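Engineer: Sequence:
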Amino acid sequence: MTRKPMTSAKSFTTHSIRELLTGSVPLDSNVTIEGWVRTRRDSKAGLSFIQVNDGSCFGNLQVVANNELANYSSEVLHMTSGSAVRCSGVLVASQGRGQTHEIQATQVSLLGAVENPDSYPIQPKQHSFEFLREVAHLRPRTNTFGAMTRVRHAAAKAIHDYFDQHGYFWINTPLITASDAEGAGQMFRVSTLDLLNLPRNDAGGIDFREDFFGRETFLTVSGQLNVEAFCLAMSKVYTFGPTFRAENSNTTRHLAEFWMVEPEIAFADLNDLVALAEDFLKFVVRQVLERCGDDMAFFAERIEPAAITRLQQIIEQPFQRVSYTDAVQILIKSGKKFEFRPEWGIDLQTEHERFLTEQHFKAPLVVTDYPAAIKAFYMRSNDAAATSDDTVAGDTVAAMDVLAPGIGEIIGGAQREERLDVLQQRMQAMHIDAEHYDWYLDLRRYGTVPHAGFGLGFERLVSYITGMTNIRDVTPYPRVPGNASF
RNA sequence: UCCCCGGUAGCUCAGCUGGUUAGAGCGGGUGACUGUUAAUCACUAGGUCGUUGGUUCGAAUCCGACCCGGGGAGCCA
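FYI, in my numbering the residues of the first sequence are 18 to 503.
Be a bit skeptical, because a hint or two may be false.
[To be verified] Each computed DSBU-like pair below joins lysine-lysine, with the alpha-carbon atoms no more than 35 Å apart: (1) K353 <-> K299; (2) K253 <-> K299; (3) K299 <-> K174; (4) K353 <-> K174; (5) K142 <-> K174; (6) K253 <-> K392; (7) K379 <-> K350; (8) K392 <-> K354; (9) K392 <-> K299.
[Claimed, not checked] Each pair of labels, with its calculated beta carbon distance range: (10) Q329 <-> I363: 51 to 59 Å; (11) H170 <-> E318: 36 to 44 Å; (12) K350 <-> R226: 31 to 39 Å; (13) R462 <-> K350: 41 to 49 Å.
It is worth saying that the hints were derived from the structure and are not from the lab.
Please read all numbers here as calculations on a predicted model, not as lab measurements.
Beta carbons are placed, not taken as given, at the ideal position from N, Cα and C, and that holds for glycine.
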């Protein structure tokens, strides 16, 4: 992107630093850049080196400003970290080591000064992530969050590209909902009622007929049920949008507000879904590696040494696959002492998942066919319990989780129960009020077909890709219990 | 929600068997020096030791309560 500069400097064209560093602009061109000062080093020989970053790429551009500039001593020497500047000059090959290009400045303008340089929080040094969360509005100016932001963008773009190239339609499912979905967790209430003066019904409860929508409403915990309806018309669809969970979860992998990707495919079974998950993840990872080389190199150097190599392994290796029943057997036979003893019928604990992905398989792992009792009502009942030995296995459903080393569950999905009578039985058994799901049951009454889908936690994906271990550091403004700052 | 750990300068931390005036590095300011690379060197400013009670002649240091942050677990994506 090139454009005219905002000021009068004639024959200088404004460029992103990315353009200048990647060699798409010939040397000796007159150029202008706009950005924020990372560091400034002064030489009393009469020149200063200003490292400028504009977010367009990981690298800074070095601007060489000498004392012949009219504002050299009055402004240039006071351009501390964080100052906003516009620099014009000639793009040249750098005389010094450490960078290929630099600008010999003919004009350096201070657009926005840093009022209190001694208290500006972002210094050219390592900060703790805990501290940076307290200055979430300024942390985009750090290397780490610049890199994370570009990776996050590249991943989101890759997700849309993958589905677009494979004939999927992006469905914008509602964020406000009246159903409590699959009971996927605690929900945030949406209401315009006056909390200090609640309307009451005859039974003494709150009269939600007086509320904005005439009934109780919440923020969505999943777009899945809604997107299924479009799946059973458009064949291949997906959602990608914000999701809300009011769970009191205080961990490095939970947010109250996060983004979720939920593809849903018709005329498909669990095997098709597993194949999709693998192909999809590999595509996204490959795109990020191709587009964000500098950023990923930074994560590998400073955050997680294996950041790049483990992504390359994901691309190259086939995902491992194991049934829940076999996974439990592996855990039992491992002889390893777990805090929670592995047992058929109990959900895999974090320590179990970690053992399977990090020690046993040492790869992303797809676990399938979980006990029906611990899974949601809409998951398809398997016809027969599949076991690889003499273990007695109970009823299972065609569910699947993709577990990634270091992160745990990154994808959860299932083939959906398309048989009306089986679905109704299951809802009854799980005490789900069928009245709220009549429209959902309609999908089984009118032209039902086998279909399947999964949910991918977008932040968990970014966390896995970058090696950033706390999910609060891979989203711009994290919302967690007790904190909605910024 | 449960279990641990922590809160000292703008940042990262030391000091914590109670005892003159609470320290260092980085960052800021000033100066020296150099086509510099998180530059280097010197000087300098900067602190209600999370809040609040208590113990004590005396509390950053010991005890209680509260607030905030972090890690782990559960729930899940």
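Engineer: What hints, given by number in increasing order, does this structure fail?
Structural biologist: 4, 10, 11, 12
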